[in-house]
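*Asks:* Same order as they appear, the protein sequences are chains X and L.
Quick note on numbering: the first sequence equals residues 9 to 220 in our numbering.
Quick note on numbering: the second sequence equals residues 38 to 288 in our numbering.
Some hints here could point you the wrong way.
[Stated by the list, open to error] Ranges between beta-carbon positions, derived for each pair: (1) X:GLY193 - L:PHE47: 47 to 55 Å; (2) X:LEU197 - L:GLN248: 23 to 31 Å; (3) L:SER39 - X:ASP110: 48 to 56 Å; (4) X:ALA198 - L:PRO135: 32 to 40 Å; (5) X:GLY188 - L:GLN67: 45 to 53 Å; (6) L:SER241 - X:ASN19: 40 to 48 Å.
It should be emphasised that the hints constitute simulated quantities derived from the structure, not laboratory data.
For each residue, glycine too, the CB sits at the ideal point set by N, CA and C.
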Amino acid sequence: MCHGAKMKIKNNALKIFSRPIWSENPINIQMLGICSALAVTVQLKTALVMALSMTFVVSCSGFIISLLRKQIPKNIRIIVELSIISTFVILTDEFLRAYYYDISKQLSVFVGLIITNCIVMGRAESFALSNPPHLAFIDGFGNGVGYGSVLLTVAFIRELLGSGNCFGIQVVPDYLYSMGYENAGFMMLAPAAFIIIGLLVWLQKVLTKMAS
Amino acid sequence: MSDQMKSIVFALLLCLGCSTLLTAAATRLQPLQAENIQIDRKKNILMAIGLLDSRQTYPATEINRLYQENIFKYIVDPSGTIIDQPTSSSMDQDNLMPIYLAMDSNERIRSYIIPVETRGLWGKIYGYLALQGDGSTIEGFTVYKHSETPGLGGEIETRWFQKNFVGKKIVDQNNNFMSVSIAKGRALDQVPEEKLPNYVDGISGATLTGQYLTRGLQEILSEYEPVSVRFRQNLLQCRMQTDVPWCENEN
């Protein structure tokens with residue numbers, strides 16, 4: 009019986025982790041965090057750093073908020089969550105500026121804007137406040153991965169079609185260019201991300217329908 | 038303890054915890070960040086004279102080496118004389134302006150770089166403007182710090198905007214000082230042909246940033262005009278081997 013209970017907890021954790029990656033994906037299904045998904049997906053490099061920062065912030069803040077959930081006074085709940093989230097965001101920003109200055113310049117305000125990303129607040133309010141710390145961490149981690157996977161997919165398409173590169177390395181061979189192939193400048197602009205995300209949403213809906 | 042009291046105590050403790058953490062992180066990382074900023078400035082100076090490509094990343098050691106080999110920092114006094122150090126302490130410190138010189142392999146001045154610091158729409162814009170040794174042609178322009186709106190005025194830090202400056206003139210056809218201006222929209226559509234060398238394409242949606250930058254560049258370039266005039270008259274060209282850094286070719 010003890011074994012069975014352990015299995016259940018393990019399954020539960022796995023479910024919490026995998027849910028936001030597919031069936032409750034924060035971008036494709038819940039339509040959260042779109043703003044940064046448009047802004048930082050011109051290159052894979054910035055998208056990856058953004059995804060890692062976001063995963064760090066959402067999982068750590070979830071963990072701390074859940075740890076304090078019984079102590080946090082109800083009337084100042086939101087501001088407490090915000091303080092914890094922004095502490096992690098500022099830490100991330102300072103770290104990037106010290107070790108990855110170029111990337112932090114490219115990301116400019118968007119690391120700071122993780123604070124206002126609905127995903128982080130949303131997870132704190134709807135999950136961390138009512139679940140134990142380790143599950144809150146897993147939930148945050150899953151949401152970060154779910155957000156990051158969409159970001160990386162969009163960035164891969166935009167960088168490949170927009171500048172012929174993959175992580176800054178040229179992948180479209182030169183002979184294609186000499187044959188008249190041109191990079192799609194449109195892919196560098198924000199509307200391109202909108203269209204790609206729209207197509208991804210559509211794709212996921214179709215795949216989900218087919219599976220059920 | 039009443040609920041209200043409890044909230045206040047909790048808030049205070051939370052603030053204390055968060056701020057201790059942030060202070061510790063900020064103090065620990067500050068030296069690294071300061072170094073990054075220095076390297077970024079050097080990189081921008083090198084980019085302004087085309088020695089580095091803005092689309093690539095370079096290791097810090099490479100940037101430091103190129104900077105040390107190519108760039109020399111001096112001071113310009115109001116008459117346009119380039120000096121090593123302020124000669125007397127009575128000299129008005131406010132009128133001394135920094136200038137960076139880039140040398141070619143023959144110890145001749147290839148270009149000179151002036152720091153740009155001007156008002157933008159939301160905050161100050163910092164960058165470098167490099168001019169060729171002829172004193173009239175722009176070699177490059179870079180921005181390393183600004184607070185303009187990302188995607189609009191923030192485009193001043195992008196390559197497409199900055200590369201428009203390359204080859205533009207700060208003088209008109211008769212060699213009179215003109216400065217360089219940012220057009221409202223495409224320069225080709227907005228500006229008469231004879232003035233095209235003095236205009237670069239503007240950024241759509243960022244007319245005000247363009248206006249501030251135009252005004253700022255005009256002010257800064259006119260401050261440096263005395264030294265630019267000397268370059269135009271070929272007075273400053275070579276670098277002597279002696280401890281006097283500049284030979285002024287009086288002919």
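*Asks:* Give a verdict on every hint.
*Replies:* Tested hints:
1. X:GLY193 - L:PHE47: 47 to 55 Å: Hint holds: Cβ distance 53 Å, inside 47 to 55 Å.
2. X:LEU197 - L:GLN248: 23 to 31 Å: For GLN248 (chain L) against LEU197 (chain X), whose Cβ atoms are near 24 Å apart, the range 23 to 31 Å holds.
3. L:SER39 - X:ASP110: 48 to 56 Å: holds (52 Å)
4. X:ALA198 - L:PRO135: 32 to 40 Å: holds (38 Å)
5. X:GLY188 - L:GLN67: 45 to 53 Å: holds (52 Å)
6. L:SER241 - X:ASN19: 40 to 48 Å: violated (54 Å)
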